[in-house]
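**Q** Sequence:
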Amino acid sequence: MRVTARQLCRRKPLESMIGEAESEASEPGGLRRSMGLTQLTLLGISSVVGTGIFFVLGTAVPKAGPGVVLSFVVAAVVAGLAALCYVELAGAIPVAGSTYSYTYASLGEGAAYLVAWCLILEYGVAVSTVAVSWGQYLNELTDALFGFTLPDAISQPPGAGGVVNIPALVVVLLCSLLLARGTRESARLNAVMVCVKLSVLVLFVAVAFTAFRAGHFADFAPHGASGIGVAASAVFFSYVGFDTVATASEEVRNPRRTIPLALLLTLGAVTVLYILVSLAAVGAQPAGRFGAQPAGRFGAQADAGEAVLAEILRDVTGAGWPVVLLSAGAVVSIFSVVLVTLYGQTRILFSMARDGLVPEIFRRVDRKRHTPVGNTWIVGAGVGALAAFVPLQYLADLTSMGTLVAFVAVAAAVVVLRRIAPDAPRPYRVPLYPVVPIVSAASCLYLAWLLPGITWALFGGWLVLAAALYLVFGRRHSALRERAAAPGRAEADVSTTAAQASLIS
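Residues 909 to 1413 in my numbering are what the sequence shown spells out, letter by letter.
If you're looking for bench data, these hints aren't it; they were derived computationally from the structure.
Quick caveat: nothing in here was measured; it's all calculated off a predicted structure.
We put the CB at the ideal spot given by N, CA and C, even for glycine.
A few of these clues could be false.
[What the hints assert, rightly or not] Label-pair ranges, simulated between beta-carbon atoms: (1) F1128 / V1100: 35 to 41 Å; (2) T1118 / R1089: 40 to 46 Å; (3) F1120 / G1228: 18 to 24 Å.
All chains, full assembly: derive it from the sequences and hints.
**A** Now the structure itself:
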């Protein structure tokens, strides 16, 4: 099967992408533009603030010590540079698909297909990991309220004492049901859950600061700058998901303005919150050696499968009520992350199906509910099975890897589109161009380099699988390839020119 470089690099014209999105949105059974800035920002916060901040300190503090606070700052800077690139692209290309669509318009179909599978890895594995944590916090809650927990065989992942993780499967299927019912209904419930989760984390910060001890920061970086960097690659998982905002472009009012603002508001709010939580946690609980545990109390809690923030509150207050509130907040928080991340994954597949790169069922929209129902249930079933039956010890790092590679593609897309479509409307432009995109790509590659070797091996295998699927199905059914093969259409669809870009309204 022969694939030429010209086929792999064929770009989808910007006006074609935008025209298709607007045409489908105007159809009676198409996606509805039902979200405004507030709802979209809450959706972004919901997709980011979840299981990461509730458990990541248990693995990050042993690597960086009290310097984990700087690790959150480093991760925020990397995410922030990527967000600036997203802001420009979201304004120029206001269509569903996020990084996939941006890559298709700039680097071509082959790169876009691989990036799409990086996003599928990011979202799918993130949902699975988050769903597993939901079961753990559910056990914390039932233990605090009623004095019982579910047996490990049905509440822990395989490899950690479990056989099948029933709570993880249940939460994924419940979120799939809600998404299938409608985007507007899901957004309303999500807004309520975001308020709950933010209130719980603010409560944690307030209570933990009552036990703050400056001496806990004395040995600030026991493993030096390298330890802070390694921890940054781990806590980066906590920032994964803000790009979900861009996947909602076709269901948002005035997307050229709303998407960029929501991206910036999301990342700003999350960064401030994370730094406060890490300061409060380390200030209330020492990060150094704890008994026979070299990794300290944080590491001991993580190894025991305990909810770190809940245990800190238990030690600080000596009472049960803060633990109940934090565990309840975590249950709600993680539910909302599963909901929003599943949403993002279905919209990536929706865009791919519109381009003919995955089967047609992923783009079929229910005329009554205005949602891709079949797409939603297929994704829910696959992610639910992954969460219930697959050992997840390496999957958090895989999520970070998929995200970092996608961010590199976004930075590259900014540079390429500036060259091939310089006159395209851009409500927002990356400052200090081209320094910011270059530094963004380099910093993402640096964090990826710090991830374990097993993560690189698994990620490489995932890309090989994606390439095989492209050759077997995607290339043969590509809508752009079919249009290019039609008489008189080849040259028009091969790439985006400045003249074409100037036609975009």
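**Q** Please check whether T1118 and R1089 have a Cβ separation lying inside 40 to 46 Å.
**A** 43 Å Cβ-Cβ, so the 40 to 46 Å window holds.
**Q** Determine whether the Cβ-Cβ distance between F1120 and G1228 falls within the hinted range of 18 to 24 Å.
**A** Given about 22 Å between the Cβ atoms, the range holds.
**Q** Does 35 to 41 Å hold as the CB distance between F1128 and V1100, or does it fail?
**A** 39 Å, holds
Checked against the numbered hints given earlier, this structure breaks none of them.
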